[in-house]
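Student: Listed below, chain by chain, are the residues.
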Amino acid sequence: MLQEFRYAAPKSRSELLGLLAEHGAKAKVLAGGTDLLVNIRSGTIKPELVIDLKRFEDAGALTWDPAEGLVVGPATTINDLLRDPRVRRDFPLLAVCAHDLASYQIRNRATVIGNVVNASPCSDMAPGLLCLGARAVVTSVRGSRSVPFTDFFTGVKKTVLAADEIVERIVVPAASVGTRGEYRKLKRITGHDLGIVGVAVARQNGSVKIGVSSAAPVPVLVAGLKDSNTVDEAVAATLKAVSPISDIRCTKEYRLFMVETFVRRLWEETK
Amino acid sequence: MKTIQVTVNGKHYTRDVVESRTLLRFLREDLGLTGTKEGCGAGECGACTVFFDGRTVNACMVLAAEADGRTVETIEGEAKDGKLSVIQEAFHMHHAVQCGFCTSGMILSTRELLHSNPKPTVEEIKDGLEGNFCRCTGYQQIIEAILDASGQPVGEGGLKHA
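Going down the list, the protein sequences come from chains A and B.
Oh and the first sequence: position 92 is 92 in my numbering, straight run, nothing missing.
Oh and the second sequence: position 92 is 363 in my numbering, straight run, nothing missing.
A couple of the hints might just be wrong.
What the hints assert, rightly or not - Here are the simulated DSS-like pairs of lysine-lysine, each with C-alpha atoms no more than 25 Å apart in a straight line:
1) B:Lys273 <-> A:Lys187
2) A:Lys46 <-> A:Lys26
3) A:Lys11 <-> B:Lys397
4) B:Lys351 <-> B:Lys282
5) A:Lys226 <-> A:Lys240
6) B:Lys273 <-> A:Lys46
7) A:Lys26 <-> B:Lys282
Because the hints were derived from the structure by calculation, they are not lab data.
All values reported here derive from a predicted model rather than from experimental measurement.
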């Protein structure tokens with residue numbers, strides 16, 4: 001059984017932001033619920049109010065703005081992303097990350113923004129979004145601000161979001177169209193599982209970026225590499241940027257070993 | 272409490288629900304539709320798979336309150352006029368059911384898979400049903416049933432002789 005809470009499904013963005021401003025940390029926003037409802041059930045979190053954001057206008061929008069790029073709304077699900085022909089054509093790295101996230105039914109509910117707002121170190125969307133230079137548009141009754149994902153995560157399950165703020169949309173820049181990339185995730189089983197480590201390698205116009213999940217308190221971006229770098233240099237830069245721990249899924253040493261292994265494999269595969 | 276109006280298997284219901292009630296508990300305990308099972312309660316096993324506005328979801332991770340104005344389909348809606356669906360027939364034929372606990376979810380996930388991909392390969396079947404665990408039949412008979420239900424020769428991919 002879930003512990004008791006009140007439920008609100010505001011019909012407009014301003015109503016939602018007003019509720020969040022009023023209730024702050026006592027409220028939790030419900031998007032796909034695939035983390036929230038599990039955490040409420042386990043007693044990890046005990047919100048007094050659950051605010052469903054799927055009923056406000058355009059919440060599930062996934063649109064293209066030639067000036068900005070791909071705009072992902074707060075209720076856009078992982079499978080919405082995967083079913084979008086533009087995403088598959090122009091942002092294949094996002095599609096690869098999305099397809100590796102959980103199972104089919106969960107992808108029908110889980111949202112792209114939920115996956116980053118939860119700020120799990122093993123977020124599958126974060127490595128791709130970091131490599132593509134995406135940013136979060138963070139909104140509250142106080143106004144809006146734009147936060148690049150390199151500045152978004154502040155610790156394990158911690159972000160720059162204040163208690164009254166939501167990520168209203170993610171913008172993946174139009175300039176990243178044409179990026180070639182791959183994402184590889186180590187799991188305990190072939191089917192759906194949380195990642196033990198995940199590595200994305202993305203190449204565009206001679207520059208190379210590497211995104212890593214589950215190998216530091218926050219998802220990590222290694223920028224500044226070029227096609228002209230050697231794979232050993234890429235491995236060295238990545239290992240310097242990560243700081244994995246030993247936990248229930250594996251040891252620190254195994255994580256470091258697999259980060260290196262995936263960087264080496266993907267460096268060649270994406271050439 | 273919150274009053275919700277929801278259509279389940281084509282039938283319209285108006286019910287008062289406690290806000291924290293899951294869709295799964297609502298279906299099983301308030302509507303008596305116990306074909307949908309609770310396995311893990313955390314989105315791992317898929318025993319509680321139902322259609323929610325035309326897409327499969329884990330009903331243990333949906334609030335009944337979210338279903339207000341929405342459409343839900345459960346395993347009880349699979350057979351029409353007392354006649355098993357093609358997928359149910361195939362599961363029956365191929366002994367894809369042992370204890371039956373995963374079967375409701377397996378059948379609904381199969382319907383979703385065949386809707387978007389009418390002739391899936393064995394790999395595509397495994398991928399489409401990755402969110403549904405079976406702990407007793409083994410997956411081979413389930414895969415054979417799905418191949419058969421999609422009009423493909425059973426044995427493709429070496430299943431018969433694996």
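Student: Hint by hint, note whether the structure agrees.
Tutor: We went through each hint and held it up to the structure:
1. B:Lys273 <-> A:Lys187: violated, 41 Å
2. A:Lys46 <-> A:Lys26: Between A:Lys46 and A:Lys26 the Cα gap is close to 8 Å, so the pair holds against 25 Å.
3. A:Lys11 <-> B:Lys397: violated, 39 Å
4. B:Lys351 <-> B:Lys282: holds, 14 Å
5. A:Lys226 <-> A:Lys240: With Cα atoms ~17 Å apart, A:Lys226 and A:Lys240 stay inside 25 Å; holds.
6. B:Lys273 <-> A:Lys46: Roughly 20 Å separates the two Cα atoms, so the pair holds.
7. A:Lys26 <-> B:Lys282: violated, 37 Å
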